[in-house]
Amino acid sequence: MPGMNSGLNSNNATLVAAFRSALLHQGLWVLLIFAMLAVAWVAVREWLRPPRPRPAAPEPAWRQLLRIGFGVIWIFDGLLQAQPDMPGGMPSQVIEPTASSSPGWVQDIVNWAGTSWSYHPVQAAAATVWIQIGIGAWLIAAPRGPWSRLAGLASVAWGLVVWVFGEAFGGIFAPGLTWLFGAPGAVVFYCAAGLLIALPERHWQARLGRTVLGVLGVFFIGMAVLQAWPGRGFWQGTLHGKPGTLTGMVSDMASTPQPALLAGWARDFGSFTAAHGFVVNLFTVIALAVLGAGLINAGRGPAWLIRATVAATVVLCLADWVLIEDFGFFGGVGTDLNSMVPLALLVVAGYLALRPGPAPVPQPAAAQPAAAQPATAGVAAAEPVTAEPAAQAPPPGRPAWRPSRVLRTFGAAGSRAVLATWAVVIILLGAAPMALAQVNRDASPIIAQAIDGDSAPLNFTAPAFTLTDQNGATVSLASLRGKVVLLTFLDPVCTSDCPVIGTEFKEADQVLGARAGGVEMVAIVANPLYRSTVYTRAFDREDQLASLPNWRYLTGSLPQLEQAWKNYDVSSQILPAGGMVLHQDVAYVIDANGKTRTELSFDPGPSTSSTESSFAVELASAAEHVMKTS
Amino acid sequence: MRTRVTKARVPKARLAVLAATAATVALAAGCGSGAPAATATTSAARPARPPLAASFAGRAGAGWTIVQMGGSATQEDNFWQMFYRQASTWRLATPAGVADNGGLVVTGTPAGPLLTGFLPSQDLTFSPLATSTNSGATWSAASPVDPGLADVPDALAAGPGGRLIALTSGGAELSQRLGASWTHLITAKALAATPAARACQVTGLTGAAFSPAGVPMLAATCARPGVAGLFAETNGTWHATGPRLPAAFSKENIDVLRLAATGSGMVALLRAGTGTLLAGWMASNGAAWTLSPPLRTGGRRVTSTAVGPGWSMGIILNAADGLTLSGPAGSWRRLPALPRWSATLALGSSGQVDALAAHGATFTDWRLGAAGWTSGQTIHITIPYGSSS
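The listed protein sequences correspond, in order, to chains G and A.
FYI, the numbering for the first sequence is 987 to 1616, going by the working numbering.
FYI, the numbering for the second sequence is 231 to 619, going by the working numbering.
This is chain A alone, in the form it adopts within the complex:
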């Protein structure tokens, strides 16, 4: 009797245990196979921030470029360098005394000194500033920006009379005299609350500039599609000054990748969604913006930007394809295949285009001629490998 009872019960119990085990194992197998991270979609929705690799050239072709050199960024062996061009000759002009693994940003006016800011990296949370009155030959320390500068190429802007704007993680700071002291200009949140910015729904600041007339300007990312977030401050009031975009972009989020003052006015590089670039120009008299023809990038990333004399612009996509735009009347021009390791373009007077290649400790200036790219100046620098780790 006892045996029979046992025989009758055991299979049921075993079946239950087996079923439970199978369910557990199935669950474990499901866990093990893994699922794509949900955050990937979120981060892909908005493209990366504007690249720090950039160049700027004034009317006479004099100017600077910022490129990343050295080795691995994860091992703190990447070092950002500033090169300054004068009379067609480049020289290393990186300010000394601060590890620049986080990046460099530069600003200057044709008549005033150059100012370089070091972006935060590792445990450094504020941004030391250095100023030079001899085109980067020597530098001296200026008051730091605290908290540190935002990691966008136009985080620093110089204006007439030594006025400065610094974009930080918290907002924009203003200095009346070469960073001697900083006062609070506005935060992204406060800007978003202004009547002028309501149509934009500001979510963050991406660039700063002074107009040729000395008016502070800020570039912002807008949550509302189809709106270019450009704002100017006059007499303590902020105004929307962005261009009106064609209806084709009404459903695209607009990012301002560059905002810079040139001798003739303002220039801005806009990105619509992930696939289109637009350049905009505004004359110094404050007239309406002129927009370039759209450039379809096919989802390729902008890896460097260049602003040149006469409102010319240049970009590199995916570190491989170079394009230039001669100005409001021009259209995008695709350059021949760039030399290897091209980090940024440098535009000169009379339409001259250089590709600046940076690899390891070597910086090479490639000039575009009728026969294609020809190697010009090469500079070997001493990279302080291991000094930041």
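Here chain G stands alone, though its shape is the one from the complex:
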């Protein structure tokens, strides 16, 4: 998938350090905002002494289970996203493999997200951490009311983002789809739970439980049919001497870095599947079909049968989670618990919803306006407050958001509402840097730094040279005085790095925009054999540099070039037997007074679109810095 992979090692020290630093900084902001909110809340309560909130009506057990269960799961997923390998590893080790067997149009969609991530890996990884922790905290903190329902919708919205871009639609368009490995994607269950949490209270009836279990039953039967479908390799433990589909999947999971005990379980199950593939699949198909039928009829059968069906479903899910999904989150880039835990939660919630829920607490008429306020009104609704005196209601025609009223509403809110507000702030705090980064079409310079390290500050007079440019004109360094010079050394017949560096110089020119008028981009030939102007011109055509007015590709006699290489500490070595000429990939920034100010290591690394953009930004930033400071 072009563009998705930054090509960096996921454990690149620079990237990991930047990620930790970003998390630390944002974490401190999260704590600071929490402290400020807490202090403000306590102060307002003490100062204005608003009426205490009424005790909230009890929440149905099924909803409580979903809200807290999925809240905890989102927080756990958020913490998994904080693993050091995530910034560099998410596109290449999670998104790309997940989408690799999907059709082209799915890969195109997923590639967009992967490319966005690889352009701003630190911001994207940190944003994911905070958004998921924030959603989890929000779900847990807000038990009832619009604020709580909004948390459910937030869970659905982010779940869909993850499902489409992170899970490539849960792999539903790829071959090998199976319930055993999490079809149709764990996050689909997060979305389902979010929808249930977002339901208005009028839908909290026993019929809801029957509907939930019925839909799950249909899902189970569908998965049984899929599992039983011939020709997909699930009926064979081994196929032509190779592992069958399920055996192969389990073996892959067993090889993931994890505690030896767990790997042993997975390996043992893999061996069992290899030997008894038909029996395992037969059991799976029957179990899914029987449980599916049981769940569809859950509203009508005897209570013991419903309980037994639900218990068996949970046991099957947990067995699958341990033996086949292998807990789902090991290996350094595990992003979630996989599908079985969320699915089991949904089944149990559906069962609990079969019972009639608690009766809603009647709302005093005077309390309604307070609950309808925008912004903080939602906070108030999370824990309904006692009605304020009618005299304090805003008279007609007066704005409802008077500061004193807002403060009073804030003070009247319960502690859970304050926590929910804080959770929303966490989400916004995480998403804001990523949103800002996305506005910029250029990649973060952290990628270039991760490949080649930081630039080295210098301060000496740049060695002079007088050479010939691609058009045959004589160019000396002195003739470029008054402008910042970005200088590099390129082999015109190089097959890999040099054309990439040329592209990065061209992109740097675009990044500089109007300021490029103050910059000369200069390359000196680094090949002792292929150094005539017909080669520099061919290189310019190849790299589309010919149209760049401030681009100069200089060459000269071999002694002239050798002197320039020596002065700038560049060596050019001819390799035997079809090898490319070996030379350093380096760029110098020379200020308008002819002083060498910065040296940049310029090995372009894996040469992806994100690394090229990142090097261009680094180069343009170095030129701008020298322009400002010279």
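Watch out, some of these pointers could steer you wrong.
[Unchecked claim] Partial list, computed: chain G residues near chain A (C-beta under 8 Å):
1) L1018
2) T1481
3) S1482
4) N1513
[Stated by the list, open to error] Derived lysine to any residue pairs resembling SDA-like cross-links, with alpha carbons at most 20 Å apart:
5) G:K1228 <-> G:V1265
6) G:K1492 <-> A:D353
7) G:K1492 <-> G:R1527
8) G:K1492 <-> A:T355
9) G:K1469 <-> G:A1502
10) G:K1492 <-> G:S1607
Worth flagging that the hints you see were computed from the coordinates, not collected in a lab.
Yeah, the Cβ is synthetic: ideal placement off N, Cα and C, and Gly gets one too.
Given chain G, work out where chain A should sit, using these hints.
Same frame as chain G, now just chain A:
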């Protein structure tokens, strides 16, 4: 009443949902099982392009070979090498200064210098050229071909007076003096539009040569079956010069795998469909082509070609089976099982046949004698692994 209504409706709804689910699942399962790619048939319809592994030997047995050595091509660790043979001794003669992972092509005339072109690879889109006046002992840069050379063994052709033809992705370029500058000769599209090429329905160019008289010649693939796409240019006009093929090939697409000038005339290796090879010879006086007996390859791939003195030819099929043809009067001769890693054959004067084995960094010349293959010269070279990645 309400209960009854519910009981009556729910099963129908459930059945509908179940049916929809089953249909969806069936569809998903169908998607999952996958179907063979349609493009496979299309690509199989026309065999692969001529192999770059090749050799050429002149009258005295002096000549060159191009073989691929090193490691994996996908990791850019394959490096093409040129070896030059003089007085029965091979030496490495690969021009330095350019990564040659994309391939090399060589041309030369008995009296003139050698010229080597580097095929594009990775981000290099044009073809640097190197020329040598001392049989590849030293090289100097010549003007590049831009866009890059086509990946066929006869993409470069040298003629009398230092004239050159270069086949590129766009067509054929002509240089009057060792690649000092290039002018446009013709494109495949323009050639197809000429009256001479209408019967062929040219779809692409696969080789270039100068006849012994210095006439530019081009080999082309024809969309029309049964036609060998060979064309010559005289006084700015292109003429069809291909051999008339037997009626047995009238329904086969003909590809020209090699087109080369020897001291005695022209030699061409033709492939009919995927299963038959034919060699053709044309004397330097421009008389009609003489065709060899057909060789049924049984669908095996030609992995290297060799042109030798006296119009002799050699091929390797599927990197395993060697065959030679001594000339217009001869017939195909199957060689004993080739030594392992044989990359190409090299033909010498007086019927001498060598198998050139290339593996990793080792090049071995195996000579065919009465007792079979015997190992002769072995050359170990330093492969610049990792330098192109």
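Could you check the structure against the hints above and give me the numbers of any it violates, in ascending order? Hint check: 1 fails alone, others pass.
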